[in-house]
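> Sequence:
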Amino acid sequence: MVSEKEFEDSVKKILEYVGEDINREGLEKTPSRVRKAFEFMCGGYNQDPKEVINSALFTSTNDEMVVIKDIEFYSQCEHHILPIIGKAHVAYIPNGKVVGLSKIPRVVDIFARRLQIQEQLTEQICDALNDALQPKGVAVMIDARHMCMEMRGVEKICSTTVTCALRGLFKQNKKTKDEFLSIVSSSFRK
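For the sequence shown, the numbering used here begins at 1 and goes up steadily by one.
Don't read these hints as lab results, they were simulated from the structure. Source: prediction; values computed, not measured. Hints may be right or wrong, so weigh each one.
Lysine to any residue pairs mimicking SDA-like chemistry, simulated, CA-CA at most 25 Å apart [to be verified]:
no. : residue 1 : residue 2
1   : Lys87     : Arg114
2   : Lys171    : Val98
3   : Lys69     : Met147
4   : Lys50     : Glu64
5   : Lys175    : Ser187
6   : Lys36     : Cys148
7   : Lys97     : Cys42
8   : Lys175    : Asp63
9   : Lys177    : Gly43
10  : Lys136    : Gly168
11  : Lys103    : Leu15
12  : Lys177    : Arg114
13  : Lys175    : Glu123
14  : Lys97     : Thr61
15  : Lys36     : Tyr17
16  : Lys136    : Thr176
17  : Lys69     : Gln47
18  : Lys136    : Glu119
19  : Lys103    : Gly43
20  : Lys97     : Asp127
21  : Lys29     : Leu15
Take these sequences, add in the hints, and give me the full structure.
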């Protein structure tokens, strides 16, 4: 396990590597600030999505689609540790249980606050909800911008990546899938 001091010393080395004077006034507290930022941005490693979901499960006779759209999230790509900025759209069809609505964005944040690739993030959210709720179906769609494509590399500003994970009725039934896509399509950037 790396200590706080070791992390902060590493930040100082990065600053020196890029040509900065680590003793100048504006950078004096930067290593500590970067450490605290990483603790927050990578806090998902210390959280269990199943615990979050199970803390707010309720019996329900509802068997119609529940959709939460436009869940903003911020993540970091595991290849460059640069931001991924996006929105998640999550739906499920209850099977005797519903989950408190705030728990779904919390699950999104748990996985987003880990070093990620978008494809895996989409699958992890979908599988966590599917495993904990045992619903008739789960769908997750993510629309995100990747700063590793915008700030460096191909430098394609405002391009987005869309990924989707489907389970149960969303995968088996075209009508159910189409209903989900129709509901979330209004959220896509024009």
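> Lysine 103 and leucine 15 were given as a pair; does the straight-line alpha-carbon distance stay at or below 25 Å?
Violated: lysine 103 and leucine 15 sit about 38 Å apart, past 25 Å.
> Has the given pair, lysine 97 with threonine 61, been kept, meaning a C-alpha gap of at most 25 Å?
holds, 8 Å
> Would you mind confirming whether the straight-line C-alpha gap from lysine 177 to glycine 43 stays at or under 25 Å?
violated, 33 Å
> Against the 25 Å threshold, does the CA-CA distance of lysine 29 and leucine 15 hold or violate the hint?
holds, 12 Å
> Tell me if the straight-line CA distance from lysine 69 to methionine 147 falls inside 25 Å.
holds, 23 Å
> Is lysine 136 within 25 Å of glutamate 119, Cα to Cα?
holds, 23 Å
> Check the hint pairing lysine 177 with arginine 114 against an upper bound of 25 Å on the C-alpha distance.
Judged against 25 Å, a Cα distance of about 28 Å means the pair is violated.
> Are the Cα positions of lysine 171 and valine 98 separated by 25 Å at most?
holds, 20 Å
> Within a Cα-Cα threshold of 25 Å, do lysine 175 and glutamate 123 meet the stated pairing?
holds, 22 Å
> Given the hint that lysine 136 pairs with threonine 176, test it: the Cα-Cα distance must not exceed 25 Å.
Given that 25 Å is the threshold and the Cα spacing comes to 11 Å, the pair holds.
> Check the hint pairing lysine 69 with glutamine 47 against an upper bound of 25 Å on the C-alpha distance.
holds, 23 Å
> Given the hinted pair lysine 97 and aspartate 127, is their alpha-carbon gap at most 25 Å?
It holds: about 16 Å lies between the C-alpha atoms, which stays within 25 Å.
Consistency note: the structure conflicts with the earlier hints numbered 7, 9, 11 and 12.
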